[in-house]
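**Q** Same order as they appear, the protein sequences are chains A and B.
With UniProt numbering applied, the first sequence closes on residue 192, and no number is skipped along the way.
With UniProt numbering applied, the second sequence closes on residue 192, and no number is skipped along the way.
Hint data in this document are derived by calculation from the structure and do not stem from the laboratory.
A quick note: this is a predicted structure, and the numbers were derived from the prediction, not measured.
Each hint should be verified, as a subset may be incorrect.
[Claimed, not checked] When the alpha-carbon atoms are kept at most 27 Å apart in a straight line, the in silico DSS-like pairs for lysine-lysine are as follows:
no., chain 1, residue 1, chain 2, residue 2
1, B, 54, B, 85
2, A, 56, B, 54
3, B, 34, A, 85
4, A, 180, B, 56
5, A, 54, B, 56
Protein chains: 2
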Amino acid sequence: MMKVPVGISNRHIHLSRKDLDILFGEGYELTVLKDLSQPGQFASEEVVTIEGPKGKINNIRILGPVRKETQIEISRTDSFVLGVKPPVRDSGYLEGTPGVKVIGPKGEVELEKGVIIAARHIHFHTTDAEKFGVRDQDRLRVVVEGERGVIFENVLARVSPNYALDFHVDTDEGNAAGLKNGDMVEVLKYEE
Amino acid sequence: MMKVPVGISNRHIHLSRKDLDILFGEGYELTVLKDLSQPGQFASEEVVTIEGPKGKINNIRILGPVRKETQIEISRTDSFVLGVKPPVRDSGYLEGTPGVKVIGPKGEVELEKGVIIAARHIHFHTTDAEKFGVRDQDRLRVVVEGERGVIFENVLARVSPNYALDFHVDTDEGNAAGLKNGDMVEVLKYEE
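Excised from the complex, chain A in its bound form (with noise of 0.2 Å):
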């Protein structure tokens, strides 16, 4: 039985260098909060406002280190609450994304895409992938057990060396699911 623990993430931003510059300042550096589960990722103490067309979220963490392109990742809830309309993807895969307003201390940068709903997914590093005999890309089912049980369908094992073993969800998710942090689900192969 695979076995995996759960890590909510609530919306936050990763963000680029060029645009760091212009809402923090040139050459400005991200100061670690506190460590991600996902090696050498980190919450950063810093915060920035993100604008839609019809509102308005502050205290959007940024997660560091720095990226090749900024990347927003929200809930459908907070979709609403901005009035955009971002599509479940994959990170990374930004092509045809709407934008939003990202408003820091020192500047102002109007994005032209980068906003998305993360698409739920399971990190595995590769000697967990190994020992469970998953690959990367594999669609697998997670099964959430208790009063708001439910299966989530097609999720996504991603592989890497650099990862550490983790089922990500955002807000809406694990609250629909009545989850919380560090919670052990059952992961299930489709032909199981």
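Put chain B on the given structure of chain A with help from the hints.
**A** This is chain B only, laid out in the frame that chain A set:
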């Protein structure tokens, strides 16, 4: 195959006659904004604010007609904004639930109980229940297809000649599964 339409419940409040009097004035009558799918039920034009230890939420829609007891149905996402910990409950079961402050144009009520996260359920008209072989209080599975496909477990069946066929979820559940009002989902019995 049993197909049922989806109704997504946004946060809302049902008021007792006594609390409506305090919040809007003695003998106040709610104004119908829109009839709901369940016969005789309506969304009113009137809204209130609710306030918990951590924050408040404006524009909470009142659903009519008045009920025996005041009941507030919110999502788990909302519960974090307010700073309360409501249980997942069937409508009407309010023992041991938290209260909040309710603020109307003419007065305020400090509720001692009444806040729940509504347990997902299906309303069946008696005729539909007979057709599908479902009895009141049965537990069912609901299958949602698509990129956010999920199976909802332990969905309560509620049968009455006063009900219209509808699968009720809250906004966390609707958003987690990528649902919108009127979507058709498949319902399975556990023996199937």
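**Q** Now, for every hint given, state plainly whether the structure supports it.
**A** Structure-based check of all given hints:
1. B:54 x B:85: Holds, at roughly 11 Å.
2. A:56 x B:54: Measuring from Cα to Cα gives roughly 20 Å; hence the hint holds.
3. B:34 x A:85: 26 Å, holds
4. A:180 x B:56: 23 Å, holds
5. A:54 x B:56: Given pair residue 54 of chain A, residue 56 of chain B holds - Cα atoms ~20 Å apart, limit 27 Å.
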